[in-house]
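Colleague: Work the whole structure out from these sequences, hints included.
Chains as they are written, first to last, in my numbering: chain Y, 1 to 169; chain R, 1 to 169.
Misleading hints may appear alongside valid ones.
What the hints assert, rightly or not - Straight-line C-alpha distance at most 25 Å; calculated BS3-like pairs for lysine-lysine:
| hint | chain 1 | residue 1 | chain 2 | residue 2 |
| --- | --- | --- | --- | --- |
| 1 | Y | K80 | R | K164 |
| 2 | R | K92 | Y | K92 |
| 3 | Y | K40 | Y | K65 |
| 4 | Y | K94 | Y | K76 |
| 5 | R | K110 | Y | K16 |
| 6 | Y | K92 | R | K164 |
| 7 | Y | K75 | R | K164 |
| 8 | Y | K40 | Y | K16 |
| 9 | Y | K94 | R | K164 |
| 10 | Y | K92 | Y | K80 |
| 11 | R | K76 | R | K101 |
| 12 | Y | K76 | Y | K60 |
| 13 | Y | K147 | R | K94 |
| 14 | Y | K110 | R | K53 |
| 15 | R | K110 | Y | K54 |
| 16 | Y | K164 | R | K75 |
| 17 | Y | K75 | Y | K101 |
| 18 | Y | K92 | R | K98 |
| 19 | R | K50 | Y | K110 |
| 20 | Y | K53 | R | K110 |
| 21 | Y | K154 | Y | K53 |
| 22 | Y | K94 | R | K147 |
| 23 | Y | K80 | Y | K101 |
| 24 | Y | K164 | R | K110 |
| 25 | R | K154 | Y | K110 |
| 26 | R | K40 | Y | K16 |
| 27 | R | K94 | Y | K164 |
| 28 | Y | K164 | R | K92 |
| 29 | R | K16 | Y | K16 |
| 30 | Y | K50 | R | K110 |
| 31 | R | K16 | Y | K40 |
| 32 | Y | K92 | R | K147 |
| 33 | R | K54 | Y | K110 |
| 34 | Y | K110 | R | K164 |
| 35 | Y | K69 | R | K164 |
| 36 | R | K92 | Y | K98 |
| 37 | Y | K50 | R | K16 |
| 38 | R | K110 | Y | K154 |
| 39 | Y | K110 | R | K16 |
Source of the hints: derived by calculation from the structure; they are not laboratory data.
Here is how the chains run, residue by residue.
2 protein chains.
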Amino acid sequence: MQIEILRLNHRIFRDKRISTHVALTGRAFHSTNLYYTGQKDSEMEESVNKITKKFGGNFKIMHIKDDVKLIEEKKKENFKILHLTMYGVSFKDKNFSKESKLLIIIGGEKVEPHIYRLSDHNISVTYQPISEVSALGIFLYSIVGIKDEFANSKVEVTPSERGKFLNQS
Amino acid sequence: MQIEILRLNHRIFRDKRISTHVALTGRAFHSTNLYYTGQKDSEMEESVNKITKKFGGNFKIMHIKDDVKLIEEKKKENFKILHLTMYGVSFKDKNFSKESKLLIIIGGEKVEPHIYRLSDHNISVTYQPISEVSALGIFLYSIVGIKDEFANSKVEVTPSERGKFLNQS
Numbered sequence: 001m002q003i004e005i006l007r008l009n010h011r012i013f014r015d016k017r018i019s020t021h022v023a024l025t026g027r028a029f030h031s032t033n034l035y036y037t038g039q040k041d042s043e044m045e046e047s048v049n050k051i052t053k054k055f056g057g058n059f060k061i062m063h064i065k066d067d068v069k070l071i072e073e074k075k076k077e078n079f080k081i082l083h084l085t086m087y088g089v090s091f092k093d094k095n096f097s098k099e100s101k102l103l104i105i106i107g108g109e110k111v112e113p114h115i116y117r118l119s120d121h122n123i124s125v126t127y128q129p130i131s132e133v134s135a136l137g138i139f140l141y142s143i144v145g146i147k148d149e150f151a152n153s154k155v156e157v158t159p160s161e162r163g164k165f166l167n168q169s
Numbered sequence: 001m002q003i004e005i006l007r008l009n010h011r012i013f014r015d016k017r018i019s020t021h022v023a024l025t026g027r028a029f030h031s032t033n034l035y036y037t038g039q040k041d042s043e044m045e046e047s048v049n050k051i052t053k054k055f056g057g058n059f060k061i062m063h064i065k066d067d068v069k070l071i072e073e074k075k076k077e078n079f080k081i082l083h084l085t086m087y088g089v090s091f092k093d094k095n096f097s098k099e100s101k102l103l104i105i106i107g108g109e110k111v112e113p114h115i116y117r118l119s120d121h122n123i124s125v126t127y128q129p130i131s132e133v134s135a136l137g138i139f140l141y142s143i144v145g146i147k148d149e150f151a152n153s154k155v156e157v158t159p160s161e162r163g164k165f166l167n168q169s
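Modeller: The structure is reproduced here in C-alpha cells:
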C-alpha cells in the first residue's frame, strides 16, 4: 500500500511541533510523502529529514501551495482521498487495508468545506476531540500495523525491560 | 479499568499543544486524571477543562511537583506503572487490558533514568521515533478500544459522510 499525507494550514509558530509529530507518525507507518500547505517551515522539514536520515526509509516532506490541485492530481493517479475528521464516518465501518493508494488529509485548526467535498471519504477515529496526531497514529496502526524495519537505517533500537539501547548499524 | 497519566517536564512555550493533545487523547480513551510535572500551565489546563465540560466525562488535569512521590503513592494504591518509551519492550508482547489500575507515564524531551527504574514496565509502541501523542493513542486504543459515550456531555457528533454535525444534547 502506498500512503501519502496532506497536512493542511501549517502555522510555523503554533503548529511546528504538532506537524512534526504528524510527519513522524506518518513516517513510522511507512507513508512515503507528506505534503503540507500553510506557511513553509524549513526548520520543521529539516528536523523531520534528520530523523529519516538516521532511522531510514524514503519519507519526503514538502511544502505545496494548492491543496485542491494536489488532491486532483492524486485522484488522477488513482489515490483514494481520505479526510480524517471527528465528524466523519467511523473508521471501523470501512476497510481501507486493501486500498493500493491512499492520500490521508489531516486538518489544521479549521478545515475548509471543499476538503469535505473533494474527499472520497470523511473518516472519524473517535467522536471525541482527540488530536490529529493520535487520530492519524490509530488510523495508520489499524491499516498498516507495526512494521519496525526501515531500509538504510543508521541506528536501531534494541528492546529492553529497563534502559536505552540505540545501536549503530 | 482505571487509567491515569503522568506527563513529564511540561514546558509552557515548547510543549503547550503537545501536552494538550496528550491530555485530549487520554480523555478520549476514558483516562480520569492527567498529572504533569514541569511548568504549571493554567492556559493549557483551561483549554482541556473547556473540552471536558463540553464533551463530558470526569477527566481532571493537575500540575504536580514531585513525580517520584506520585509514582510511589500510585504503587501503594496498586497501580501498575507503565512508561511509554521507544526503547522498551513491545506492547504486543504484554497484555495490559486486564489490569485494574494503570498509571501511564509519557516522557518529555529527556526522560530521567529513575523513570525507567521505578516503572513496572517500559513499553514501546514502535521502535521508530513517533510522537508521545500517537504512541499514547495507539496504546490506549489497543487496551480500551473506541468508547465514544461520555456522561454529562453537552454536545454530540452525528457521524456524516460529508459535513459537520454537532448537536446540543
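Colleague: Confirm or reject each hint.
Modeller: Results of checking the hints against the structure:
| no. | hint | verdict |
| --- | --- | --- |
| 1 | K80/Y to K164/R | 21 Å, holds |
| 2 | K92/R to K92/Y | 21 Å, holds |
| 3 | K40/Y to K65/Y | 9 Å, holds |
| 4 | K94/Y to K76/Y | 22 Å, holds |
| 5 | K110/R to K16/Y | 19 Å, holds |
| 6 | K92/Y to K164/R | 19 Å, holds |
| 7 | K75/Y to K164/R | 23 Å, holds |
| 8 | K40/Y to K16/Y | 11 Å, holds |
| 9 | K94/Y to K164/R | 19 Å, holds |
| 10 | K92/Y to K80/Y | 17 Å, holds |
| 11 | K76/R to K101/R | 11 Å, holds |
| 12 | K76/Y to K60/Y | 21 Å, holds |
| 13 | K147/Y to K94/R | 17 Å, holds |
| 14 | K110/Y to K53/R | 21 Å, holds |
| 15 | K110/R to K54/Y | 19 Å, holds |
| 16 | K164/Y to K75/R | 23 Å, holds |
| 17 | K75/Y to K101/Y | 10 Å, holds |
| 18 | K92/Y to K98/R | 23 Å, holds |
| 19 | K50/R to K110/Y | 18 Å, holds |
| 20 | K53/Y to K110/R | 21 Å, holds |
| 21 | K154/Y to K53/Y | 8 Å, holds |
| 22 | K94/Y to K147/R | 17 Å, holds |
| 23 | K80/Y to K101/Y | 6 Å, holds |
| 24 | K164/Y to K110/R | 12 Å, holds |
| 25 | K154/R to K110/Y | 21 Å, holds |
| 26 | K40/R to K16/Y | 21 Å, holds |
| 27 | K94/R to K164/Y | 19 Å, holds |
| 28 | K164/Y to K92/R | 19 Å, holds |
| 29 | K16/R to K16/Y | 11 Å, holds |
| 30 | K50/Y to K110/R | 18 Å, holds |
| 31 | K16/R to K40/Y | 21 Å, holds |
| 32 | K92/Y to K147/R | 12 Å, holds |
| 33 | K54/R to K110/Y | 19 Å, holds |
| 34 | K110/Y to K164/R | 12 Å, holds |
| 35 | K69/Y to K164/R | 24 Å, holds |
| 36 | K92/R to K98/Y | 23 Å, holds |
| 37 | K50/Y to K16/R | 24 Å, holds |
| 38 | K110/R to K154/Y | 21 Å, holds |
| 39 | K110/Y to K16/R | 19 Å, holds |
Consistency with the previously given hints is maintained throughout, with no hint failing.
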